[in-house]
Each structure stands twice: as structure tokens, then as C-alpha cells.
Amino acid sequence: MNFDKYRLAFIVVTAIIMLLVASPAMSRLLVYPQTEFFSEMWLLGPNHAAEGYPYNVSNGQNYTVFLGIRNQLGYCAYYVVEIKFRNETESAPSSFGPVEDRTPSSLPSLFDVTAFVANGQDWELPISFSFDYATENGSLVVFRSLTLNNDVLNLEGYSTAWNATRSISFGDLIFELWIYNAQATVLSYNDRFVDLKFNMTS
Amino acid sequence: MVLCVLLFSGLVVQCRAASEADAQSAVNEASQRIVTCYETVAKASNAGANVTALLQILNKAGGLLSRAELALENGDLNSSYVLALQSQQMLEGFEAQALGEQNTASHANFVSFMINVVGSLVGAVAVLGGSFAVWTQLKKRGRKVIP
Numbered sequence: 008m009n010f011d012k013y014r015l016a017f018i019v020v021t022a023i024i025m026l027l028v029a030s031p032a033m034s035r036l037l038v039y040p041q042t043e044f045f046s047e048m049w050l051l052g053p054n055h056a057a058e059g060y061p062y063n064v065s066n067g068q069n070y071t072v073f074l075g076i077r078n079q080l081g082y083c084a085y086y087v088v089e090i091k092f093r094n095e096t097e098s099a100p101s102s103f104g105p106v107e108d109r110t111p112s113s114l115p116s117l118f119d120v121t122a123f124v125a126n127g128q129d130w131e132l133p134i135s136f137s138f139d140y141a142t143e144n145g146s147l148v149v150f151r152s153l154t155l156n157n158d159v160l161n162l163e164g165y166s167t168a169w170n171a172t173r174s175i176s177f178g179d180l181i182f183e184l185w186i187y188n189a190q191a192t193v194l195s196y197n198d199r200f201v202d203l204k205f206n207m208t209s
Numbered sequence: 599m600v601l602c603v604l605l606f607s608g609l610v611v612q613c614r615a616a617s618e619a620d621a622q623s624a625v626n627e628a629s630q631r632i633v634t635c636y637e638t639v640a641k642a643s644n645a646g647a648n649v650t651a652l653l654q655i656l657n658k659a660g661g662l663l664s665r666a667e668l669a670l671e672n673g674d675l676n677s678s679y680v681l682a683l684q685s686q687q688m689l690e691g692f693e694a695q696a697l698g699e700q701n702t703a704s705h706a707n708f709v710s711f712m713i714n715v716v717g718s719l720v721g722a723v724a725v726l727g728g729s730f731a732v733w734t735q736l737k738k739r740g741r742k743v744i745p
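From first to last, the protein sequence lines stand for chains V and Z. Residues are numbered in my numbering as their position in the first sequence, beginning at 1, plus a constant of 7. Residues are numbered in my numbering as their position in the second sequence, beginning at 1, plus a constant of 598.
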């Protein structure tokens, strides 16, 4: 019997069986590596959707939003969210343009939220807050405190003036993302922030 | 008498109000402890360990530390001190647990590598060798039958 005419079929069958047997090893070697490493940060409204964000804020009224972070850095990350509050004229953070131009707000942090997030995982925190403020002379909003998840944050010295052009008493609650740098052993600004802009109504 | 003195001195230490230095020191220690624990859990995570439960503990400890820092800033030294201590206590035995998870993950990775990579590559070579042997045998038999 001449087997030579079956040579090609025999080689093909052998190759297929080899590929099947070697597939667990190949699945490890042929995985396309992750090329983009980044963190995501978001703020959702009270219905857990990107709508219904508080804008016209009243004194003593309670509002709820959801702050979220997703880690796509390829390692377990140590984040700190610095919560700041500013008026129209004070320093704002930036997250666009060249990396060296992205800076945090120069204002002090009112409260630091710590978040440890595993790679590929989400972290979310419901944030319930209310402002305590008074309106002086009908045009200047003077803040006393911000209650955030039952913690009272001191806002003494914070104020915002009535902007007649925009018809608004502007307030901006900022959530800046900072990340722990294990090499430098410091927290550094992660070039991103989310914020809630308000009209502080009387 | 000695026992009474010891008990009384212990009570005094427990009950005395925390100074700013005490509170600041407790907050610094808690902060350092969290960094150390984070570095341990990051290593465990890199080794492939499931660190979800460990991160939950770390997040709780981090929350207590944040509140301790806020209390310190507001001048509530006792609350700051207590919260910082609670943060540290929450992380007792944490590093050993993280190390255990890391070792388990490293062992599982080794076994998985031996089975999936080494085992399958050896299997593929065996298939190639076996096929060659079968082909050689078949050809030999073919030659014997033809005359």
C-alpha cells in the first residue's frame, strides 16, 4: 500500500492536533497586550444617570450625586479625591491641553476621599451634601459650612458675589483625582477632575 | 497596692485628652500604615491574587483616616486621635493576610503555568513525535506488503 498520497492529509491532521494541544500555551502568548493605561472618573446625578444634577441650590437643602472611578492602569491603584469649593474668581483645575499645563486648583482641599481600586474595577461613592450659607445685602453669598456625607466641612472665609451679567451666584464643587506614585512616594494630580456648578439661590 | 497603682495609671492614660501632637502623630502613623498596606496589596494583586476583600478593608481604613484628618483640621483632637487609632487597628494582620493571598496566587500561577504552558507545549511535541513514529511505521508496513 502506498501511503505517500496521504502524506499531505497526515501532515494537516498532525498540525491541527498540535495546534489544539498547544492552544492553552498559545492563548497566553498571543494575547494582545493592553496599550492604554488610564483612570476614569465620573459624576452621576441622583437617579444614577448623567442627568438631574443639582444646579439651583438652596440653603440647607440636601442633594445626592454619585462619584465613580474606574481603574484601567494595569495595577491596583491608590486614589485620593480632593474635594474643593470655589467661586467664579478663584483658581480652577484643568484637565485639557498638554500634560504639563494640567494643574489642580490651588485652593486647599476641604476633604480627602480615599479609594483603593483593583485593576479593571469600579469604585463608587454616593455623596449627599448640603450648604449652609447666608445672603448679605442681597448680592453676596457668605458660606458657613458644607455638610458632606454627615461630615461638616468648614467653609468660613468662602463667599461668592452676584454676577449680574450671568444672573448667578456662582459656586463650584470640585472633585480632583490624585494618585499615589509608589516611586516618588507622593500623591500627584492625575490630570482629571469632575465638578458641579451651582447657582446659590437665596 | 501595686496593682491598684498600675490600674489607675492605665486608666489615666486611657482617659486623658489627646494633645495636638498625639493626634498628629496618630494620623501620620495611620497614613504611613495605609501606604505600607497598599504596597503589600499591590504586590499581591500583581501576583494575581484576588484582593477585593483586602481592598474593602483598606477603603474602610482610608475612610477613617480621612475623617481623622478632618477632625484634626477642625481642632477636634480626641476624635482625630480615636479615628486614627481605629484606622490602624483595622489594618492589624493585614500584611500577613495580603502575603498569604500573594503566596496562594503565586502557587496557583505556577501550577497553571506548568499545566497550560509547559504541559501543552510538551503535549504538542509529543503529538509531532508520535505522528512521525506512526508515519514511519505505516511506511515500513506499506513497503513489506507491496512485494
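Some hints here could point you the wrong way.
Simulated crosslink set (DSS-like; lysine-lysine; CA at most 30 Å straight-line) [as the list claims (entries may be wrong)]:
1. Z/K641 / Z/K658
2. Z/K737 / V/K12
3. V/K12 / Z/K738
To spell it out: a stretch of chain V is covered by chain Z in this simulated footprint if at least three of its residues, at any positions, have a beta carbon under 8 Å from a beta carbon of chain Z; those stretches are [to be verified]:
4. 80-86
5. 92-105
6. 124-130
7. 149-162
8. 170-183
Quick list of the computed label-pair ranges, beta carbon to beta carbon [unchecked claim]:
9. V/Q128 / Z/G698: 17 to 23 Å
10. Z/N676 / V/P115: 20 to 26 Å
11. Z/S617 / V/P115: 20 to 26 Å
12. V/N156 / Z/A694: 29 to 35 Å
13. V/G164 / Z/N676: 24 to 30 Å
14. V/F103 / Z/E618: 37 to 43 Å
Hints listed in this document are in silico derivations from the structure and should not be mistaken for laboratory results. The beta carbon of each residue, even a glycine, is placed where N, CA and C say it ideally should be.
8 Å C-beta test of the stretch 170-183 of chain V against chain Z, three or more residues:
Contact hint for the stretch 170-183 of chain V vs chain Z: violated, 0 residues under 8 Å.
Does the Cβ-Cβ separation between Z/S617 and V/P115 fall within 20 to 26 Å?
holds, 24 Å
Need the status of pair Z/K641, Z/K658: alpha-carbon distance at most 30 Å?
Holds: Z/K641 and Z/K658 sit about 20 Å apart, inside 30 Å.
Assess, step by step, whether the Cα of Z/K737 is no farther than 30 Å from the Cα of V/K12, and give holds or violated.
holds, 11 Å
Within 20 to 26 Å: is that where the Cβ-Cβ distance between Z/N676 and V/P115 falls?
holds, 23 Å
Do at least three Cβ atoms from the stretch 124-130 of chain V come closer than 8 Å to Cβ atoms of chain Z?
Contact hint for the stretch 124-130 of chain V vs chain Z: holds, 5 residues under 8 Å.
In this structure, is the beta-carbon distance linking V/N156 and Z/A694 contained in 29 to 35 Å?
Holds: the Cβ-Cβ distance is about 32 Å, inside 29 to 35 Å.
Chain Z over the stretch 92-105 of chain V, status - at least 3 residues with CB closer than 8 Å
violated (count 0)
Just to make sure I understand the rule, a stretch counts as covered if three or more of its residues have a C-beta closer than 8 Å to a C-beta of the chain. Does the stretch 80-86 of chain V meet that for chain Z?
holds (count 3)
Given as covered by chain Z, does the stretch 149-162 of chain V meet the bar of three residues or more with CB within less than 8 Å?
holds (count 4)
Assessment of proposed distance window 37 to 43 Å (beta carbons of V/F103, Z/E618)
holds, 41 Å
Quick one: are V/G164 and Z/N676 within 24 to 30 Å, going by C-beta?
holds, 25 Å
In this structure, the hints that do not hold are numbers 5, 8, in rising order.
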